[in-house]
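What follows is each chain in one-letter form.
There are 2 protein chains.
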Amino acid sequence: MPQTSDRNRRIVLASRPAGAPSPANFRLEDGALPVPAQGQLLLRTVYLSLDPYMRGRMSDAPSYTPPFPVGEVLGGGTVCRVAASQHPGFQVGDWVTGMTGWQDYALSDGAGLTPLGKLEHPSWALGVLGMPGFTAYVGLLDIGLPKPGDTVVVAGATGAVGAVVGQLAKLEGCTVVGIAGGAEKCRSAVDELGLDACVDHHGEGLRKRLAAACPKGIDIYFENVGGAVFDAVLPLLNVGARVPICGLIAHYNDTALPPGPDRLPWLLSTLLKRRIKLQGFIITDHYASRYRAFAENMGAWVKDGAVKYREDVVVGLENAPEAFIGLLSGKNFGKLVVRVGED
Amino acid sequence: MPQTSDRNRRIVLASRPAGAPSPANFRLEDGALPVPAQGQLLLRTVYLSLDPYMRGRMSDAPSYTPPFPVGEVLGGGTVCRVAASQHPGFQVGDWVTGMTGWQDYALSDGAGLTPLGKLEHPSWALGVLGMPGFTAYVGLLDIGLPKPGDTVVVAGATGAVGAVVGQLAKLEGCTVVGIAGGAEKCRSAVDELGLDACVDHHGEGLRKRLAAACPKGIDIYFENVGGAVFDAVLPLLNVGARVPICGLIAHYNDTALPPGPDRLPWLLSTLLKRRIKLQGFIITDHYASRYRAFAENMGAWVKDGAVKYREDVVVGLENAPEAFIGLLSGKNFGKLVVRVGED
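First to last, the sequence lines map onto chains Y and C.
Going by our numbering, the first sequence opens with residue 1, and the numbers climb by one from there.
Going by our numbering, the second sequence opens with residue 344, and the numbers climb by one from there.
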């Protein structure tokens, strides 16, 4: 465990992005290292999670969580070690996970922190064993309701959530077709994650290629992308199909509605004719009821290799903005985390 | 029981409508009275049900049921009496319900017929005690999942399905706001059906008036209309709202998608942010699992007056096309049936 610095670097939201975020929307600030008062502890950030939902919180449109304030440190999930403690529940060196944001250090009174114990891969608490894995678990199992033999399509098939969805669907006995950006990701989805097929969403003829990969239609589409991928999926949805919606990364940078015609009535008609269920969900709603089952099951699957996990680790807090901008255009390969500090 | 005629009048689909149906899409034909062979029975139509789904089957676009063939008698639910029987299971004078279509008489081998026994109101088997009532029951209870205190909005509040939805939602302890066309229907929804409020979808400011009637937002929207009503409802849907979709009468005459912008991505974003469930259903999927419970419960509710029922009876098979055209623009008041023949 290294010495703490006497400075705390933080990345603040300099301005709200219009459309895709640019480096100018972020600002690296340097402040004094905070000192814990009685009942507080000082956390040293080791890993910062970068996730698509953060784009939503950079805007001030009404949403399910309040926007990040301009000029304040950006929020985000982290894995930290306790660097100093005036809190009876935590000792220096403890591993914890929490929402301490884009900074080297954070003060905490312990609220919202989860002790991690001794983990072989502490950063996995931000991925397969954390919020993205839990999102996959609830969305696929509780809303998607997979049955053996179903055809499941998952977009972002090598991403933090999608990679777990695909592997869980295989464990449930489904035929699983991934959608990913580029030949390398598609190869990995099949060879490493064990999906039955993977369709590259780059290039022409996505609809036709997806249809060819799903000869029996689609029973579950795990939606985390939107845009052209949703358009390609919709005509293939079977009677009784289920579509959990946990994200719409293709639209997070939208500044206006796309041009017409207005397909909203057509979507409703399609839902009716084919008895389709479309259901949005936000994972924070489900911790109380489902987290314990997830943690037990996923822990076992990861341990015995039934679920594999790939990380894309960027080193250095200062590189977080660029990595986040790349995340929104699919540049990462696996769960994106920033290595902020040493163990 | 009157003598049977020696002629059978039938209304056939003369041509497929483009947009709203017109009288020219229908043709009244006159044929010989069919004679039942061994194992068959002859049915005298007493009541013919007119329902919005029929508009879909007049088109040949792919849907959940095959289209009505041009030149053939139009299909539809009926309540009939047995006029002649060469079938051991049916006797002359028996009341049955089936799908025998827009005609005075029909031959049957007994398949698809349900004996009605002695009913005080045989035509109710086409409404509150039949397919529309069952649609309301499954959609509201199984998909809408009402809880006491929820705000439920139902469009077509005095229609065949909507009137049952609203009353069931009141029985479940919900606050119920109807939407209907015209002051008279709105008054009836409140005074006769017992809804808490009813908003007229004619006139300006539908969104504002609906918002004023739903100060706590909307937890369940029973969708059987689409169009401007859906547009007014969507911004008011609460987190966790459920939207069963059993019909989209506003769109049945559509011949093209409306002009832009394309609101489909915005709809998906709304579902995500507010964790909304949108689910299409077709009632024929649910008979095996849920009809028995419906028949028992609804029979009791109707008998003890907990659920009230209003019919709009048009007399004469020859008047069915005009009545059906009016149904699509909301001219009926209550469940629309055609009195085709005498008891």
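Don't take each hint at face value.
As the list claims (entries may be wrong) - So the derived list for chain Y, only partly shown, Cβ under 10 Å to chain C, looks like this:
id	residue
1	Gly56
2	Asp60
3	Ala84
4	Gln86
5	His87
6	Gly226
7	Ile245
8	Ser269
Hint data in this document are derived by calculation from the structure and do not stem from the laboratory.
This one's a predicted model, so the numbers in the text were calculated from it and none came from an experiment.
By construction, the Cβ of each residue, glycine as well, lies at the ideal position given by its N, Cα and C atoms.
Evaluated hints:
| no. | hint | verdict |
| --- | --- | --- |
| 1 | Gly56 | 8 Å, holds |
| 2 | Asp60 | 14 Å, violated |
| 3 | Ala84 | 39 Å, violated |
| 4 | Gln86 | 38 Å, violated |
| 5 | His87 | 34 Å, violated |
| 6 | Gly226 | 6 Å, holds |
| 7 | Ile245 | 5 Å, holds |
| 8 | Ser269 | 6 Å, holds |
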